[in-house]
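Colleague: One letter stands for each residue in the lines below.
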Amino acid sequence: MTAAADTMDGPAREAAAAPLLACAGLTMRFGGLVALDALDLHVAQGEILGLIGPNGSGKTTFFNVLTGLYRASGGRIAFAGRDITGLAPQAVYRAGIARTFQRSRLCLPLTVFDNVMIGNHLRLSHGACFNVFRRGALRRQYDEAVGAARSLAATFNAQLAARLFDAAGTLDMIDRRRVEICRALVNTPRLLLLDEPSAGMTRGETRELMDDILQVRAARPALTIVIIEHEMNVIERMTQRCVVLNYGSKIAEGPFRAVAADRGVQEAYLGQAVA
Amino acid sequence: MTAAADALEVEHLFAGYDRADVLIDVSIAARAGEITCILGSNGSGKTTLVRSILGLTPPRRGRVVFGGVDITGLPTHRVIALGMACIPEGRKVFPKLTIEENLRLGAYREADEVTIRKRLRDVHGIFPRLGERRTQLAGTMSGGEQAMLSIGRGLMGGPRMLLIDEPSLGLSPLFVAQNFDVIRRVNEQGVTVLLVEQNAHQTLAIAHRGYVLSKGRVVAEGSASALRDNEEVRRAYFG
Amino acid sequence: MTGSAATRGAARSHSGDLLVATAAVAAIGAWLWAFLATDSVGVLAGLLAFAAAAFVFGRRAAPRYRRALAARPRMATSLGVLTVCVVAVALHDQPYPLLMLCTVLLFVVACIGLDIQTGHCGLVNFAGAAFFGTGAYTAAILAAHGVPDPAVIFAGGVVAAAAGSLLILPVLRTRGYYAALVTIAFGILFSTFLEVNDSLGGPQGLKLHGIDFFGWRFNRDVNLGWTTASFYVNYVVLSLALAAGAFVFARRIERSWLGLAFDAVRLDEIAAATFGIGVGRAKIIAFTLGNFLCGVAGSVYAMMQGFIAPNNFTFGESLILVSILILGGIGNPLGILPAALIIIVVPQKLQFIQEYRFLLYGVLVVLILLFRPEGLLPRRIRDYFPGSGA
Amino acid sequence: MDAGVLAQYVFNGVMLGVIYAMVAVGFTLFFGVLDVIQFAHGDVVMAGAFVGLATYVALHVLGVAAPAVVVFAVACAAGLGMALVGAVIARWLILPLRAAPAFNTLLVTLMLGSILRELVRLFYPNGSNPQPFPRLLPSASVNLGHFTLRLDTTILIIAGLVMIVAVNLVVRRTRLGLAIRAVAQDSETARVMGIDFERVVLVTFAIGSALAGFAGVVYGLYYNEVNFDIGLLLGVIGFSAAVVGGLGSIYGAILGGFLFAALQTVGSVALPVSSAYNNVFAFAVVIVLMTWKPTGLIAERASERV
Amino acid sequence: MQRYLSFACALVLACATLLAPGADAKETVKIVFIGPLTGGNAALGLGGRNSADLAVQLHNADAKAKYTFDLVKYDDQCKPDIGVQVATKAGADSSIIAGITHYCSAVAIATVDTYHKFGLPVIVWGAVLPAITYGNDYPEIHRVNGTMINQNEVNAKLVTGLGYKTWVIIHDTTDYGKGHDEYFTKYLTQDGGKVLADFGVGADQQDFTAILTKVKELNPDVVYFGGLTPIGVRLRSQMDKLGIKSQFEGTSGIVSDSYIQALGPLAEGTIAFIDGAPIEKLPGGKFFLEQYAAHKYAEPPEAYGAYAFVAANLVMDTIEKVGPNRKAVTAALAATKDYPSIVGPVTFDAHGQNIVPIVTAYVVQDGKWVVWQDSDYAKGKRKLAGGK
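Chains as they are written, first to last, in the numbering used here: chain A, 1 to 275; chain B, 1 to 239; chain C, 1 to 390; chain D, 1 to 306; chain E, 1 to 388.
The set of hints was computed from the structure by calculation and includes no laboratory data.
Honestly, I wouldn't trust all of these hints.
Cross-link-like lysine to aspartate or glutamate pairs, in silico, DMTMM-like; alpha carbons within 25 Å at most [said to hold, decoys possible]: (1) LYS117/E / ASP39/C; (2) LYS30/E / ASP93/C; (3) LYS194/E / ASP2/D.
For reference, chain A alone in the conformation it holds in the complex:
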């Protein structure tokens, strides 16, 4: 992680470098419905990209195709110079892409720690013999993991770190989101996909969460983020660049202010201006 961060710190150099993620002609069809229509999209190393568009424009579908939950009907995905089209979700995660879900997919009966550890699974020893018989070694791994989870949670806030062993179902919405983000971050991915992190939260909570994300990002400058959001002030505040989708294709791209002023984008959201 650090090597990349060292060599790339200026936004100018990032843009010049080969993109971390490049999708070409990405298409996803469900029966007669075209959810992604030959989408071309690239994300530079270290950038925070906003992905916006009206409801049903294909944003979440894009995430699902990217993470291997759906198999693309056409097109290619390259990540860090490697073709990841059609890989299984496990392999995509191993390649360094982690995500959150629009509708929280935490395992609510499990503790915060357990949920975070689900994200950390690749780094834990999961052989049956190890887990059952080598309890001492497991204990060491566990203590380490608790430390890691606690410090990760503490980057959000101390209360969350204190509630590490409470069931996720007892947390309120914003803390559940934080746990989801922790789960996605614990394996130090290169690309983080955030699917509507503000959904179901108040304006104040949203602001708080965005502060948290920026803080995390400050601690890991090389982390690349793609964020789907409806809250435009979130997009404005968080992103350097946005891509607007409508009907599964890109209708605009650029800094938020420019995109928001775009007539096509306004129509996509607000409908055609009626005289």
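Given the structure of chain A, go ahead and fit chains B, C, D and E onto it with the hints provided.
Modeller: Okay, now just chains B, C, D and E, sitting in the frame of chain A:
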């Protein structure tokens, strides 16, 4: 029916799922014979409002009165029986039923076959394509056609009041314009409409009055023309 | 209050709690003894009423004492084992209660196996009796060929796990009721096959000798010095060791990364896959481990009974195993013991109403489930190293 | 193989398939509206047969002898009686457990099955023994080589098919059926259409159980013997047929029923090994089919429950 | 109504026995009855239980008897493991002196070790597999009913004597059916009969039309069935459906009233065999049937009720003779010779098996099981299927 009477009143409504409140102290009124719109971006609580009115998500606090009857917490089918109809978000047509069956479900509370036939003819008049393809399965239709079906189904009940949740969702501008036109015509025939939308411009073009919902609270209300120029509306979307 | 005073206070109340908890375990042991030993309807009714009352009224106070015990897992396990040992000694000259105790303990082992599959990994298995039976038949065949008994018991588990691998592909591909059907079909297929196929004894079953552990004959009464104990004491010791072993095993699985992977797969397969967990691998491991335990229990059961026949391993018996699981509270190995007592021993205790007993028993189970839908002891939050203060 | 013998196999297989399909349709209907499996359904079939039998005995005592009247009364009593039982099961055992894990419904209905079985065994006079079921249908027969075409069996096949078709018509063509299908596809939107969800569930259980009651009578009239424990195997086979066909689909259930009958027939006569292996064969094919089509032959939708 | 009453009675009795231990002048001795009281074989088990109960009641009513007997009843569910459990319970209960045990052969085989271990003398009242007595040398195990060997020997001789040539054998795949299949095939082949085909069917199978269609094609003179009443009824009735005209014969498993009740006129002409003398013909047998009727049991005695009755009487008479002591009873039972009973004289061989091989052939005539020799068929007044 006097134009000033409130067909639907929502008073100080609180509602939500799990632990979080999605609606906070929401009060709105839809006047009889008018189109009242609720504007707001995604996640502002629009759909929860519709669900609370219909009794699908029982409110935590507050009251819903429809045509003088307190319907707070009433089972959904009883609310519908009082003359309410709903065109749900995302169309929600029954994919494995034919177009005609979908339409007939809209008139489920109506027992009289003659009336049902008449309404079918009316809907076919509005959307000729639904008449041409009665036996096609709804799931095989395009998004725009499904939207037509959903609206037609809502009209089949011969409602006094129509709740419409995001009719423009995922539709091309042409379809959106067409559907809004239908809504306007239906309203002109005396049906009260509560239109929940994200598409502000076209909505305000046909609505009489409106409310703007943001993060579960009403942040603006007024006549459609007043809202059209209201900065709050743009803020609700673009921050 | 100063910090150190608070700590001291906590420690004091902690040891107090531990004392109460130990007393409670002792009381449970006494109850178990009375329940197994009694043949009187009045005493039985009294015991059941007492248990129900203790359950209802003790619920509020219980967590505190349970925590005290949970903080010392080793002591808790030893205490449990010791309690059952004491019960066994108290019953040493009563073969029938001892036999029931063995039966319950062996069913506990099998159910813990199913619990790893169902309660942890979310795999339904309605063929538990088939894997139990595989172990039993393996034991019958190997023991007849002179394989030493400890190896026979282990082999029973291995063969059952191997038999399970026949079902791996359909089990991985199907879910929910469709998976249930696959296992139901296998269970029926298994018992029908045993019945029609004469090479394994057919419907007349197979006879087995009692267990012989390096010269220690299990079917001989045990001389305890002051008295002679029924030979079933041997089987109680073995079954108890297996049950305790299975319990610790299941607990360790649960309290490990593997158990976490199982939980993730059960609760949200998609999220699990998204975070790199091998869903198929987790299912295969859980399925195999569960079947292994069923097979081990089956082989010991067969040697204890001395005789096995196909109608011991029918679909109906699989349902009994699943019933124990659901009644105990899916995912909690601790709930299996009381549930097994209810499902296995209560019908025998109802012998006095003869042909009416199954009716009463059915009504009883339905009532328990209507009033306690999560089972008797629902699963608790995972704590990897209880008592470590983490 | 002789054509007459072949025809006989097919004819018998069809009769068997009709009975299985009648049972399977109930399973699939219940799953459709509520996503549950009612494992006592086979015992409802058995109870239907006994209600029919009791009605016959009562009519006999009352001196009603006209076969047509008796058959009609027996079928109606079984159908109505089981409709009531089905609705009661849904109302008091299934709906209250909707929020609980799906496993509980399973165990409760399993136990309910054994309760029904024991009730009949204990409280029907001489209930532990097989009971003669009266021959109420004309038993004329035609011999065509090795093929014996019996009038009563033909009537039963037709009656069974008519029942299945009738239920299918109710579901496909009536307002009530529309409501059932709507609830099955999307219960929430169905409620928004003004459908009383609970009522539809109860009615669906009543219809499926009534069909099971009729199946019990058809069973009795065909085999002329009923026993308190016939429900166990019928339930397992009905469930298997419904699942193999694809839960939620009526056509799938019918297909599954006939498929199961065919498998058992083939297993009995065409296998090189002993005919006792027919169930081993049938269930082995079921496992292979489920591996090949994990959500049934006519896949309506995956079941995520249990 | 009677059902509820008997349920209530069972409860009251159970309570009464608890609260008021024998205030009787006589010493009370406990003996145990074990059989299937629930599940698929409950009919036979309940018949056996009632018969044993009748024996005890009649004995207790006898003022000359030294002991009052208390019959403990256990259900083995026809499952070997449950059988071992209740056998252990009875064996370990030292107040129980002897047992009348088991209808299901697999259960009986499973439990013999247990009885031997506890030294509890038992008399098997219904299970027919030879191995129960001949598979061990345990002095505690006795059996009043015959094994399937004698039954099938007599059977094969009689039917081949009638002039039948070809057979199809259908048997259930339980130990009972398979055992009969084995021994009947053996004796039939010895006597010159020809087996065209042999079908095994599941014990809970309902439809046999596929098999019977094959049978029809083979067109045997006789269809032999080894199994119990429920399947027997289904087979016979489905044979008729398919127009199979062969003679139908069965084993002791179908000699029950319910076979005739369930089949009505179709039962006519069915031949079956049962070990033991014809009950109706012995004076004691008539007494048994009368008393059974007089005691108003809810269930009929069924085929093996008489054996349970005999076994109970034999146990009680032995205890009367040698006192309530297991060892003494075991020894005395071994010496049983020509004990007069309603199934004929009982004599145990070295294995405890009743060796008086009386096998009675029955045929259904006018809705009754009639002893073959007395029937119109034997006398030539009526013809069996195939004109024999």
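Colleague: Compare the structure with each hint and give your call.
Modeller: We went through each hint and held it up to the structure:
no.: 1; hint: LYS117/E / ASP39/C; verdict: holds, 22 Å
no.: 2; hint: LYS30/E / ASP93/C; verdict: holds, 20 Å
no.: 3; hint: LYS194/E / ASP2/D; verdict: holds, 23 Å
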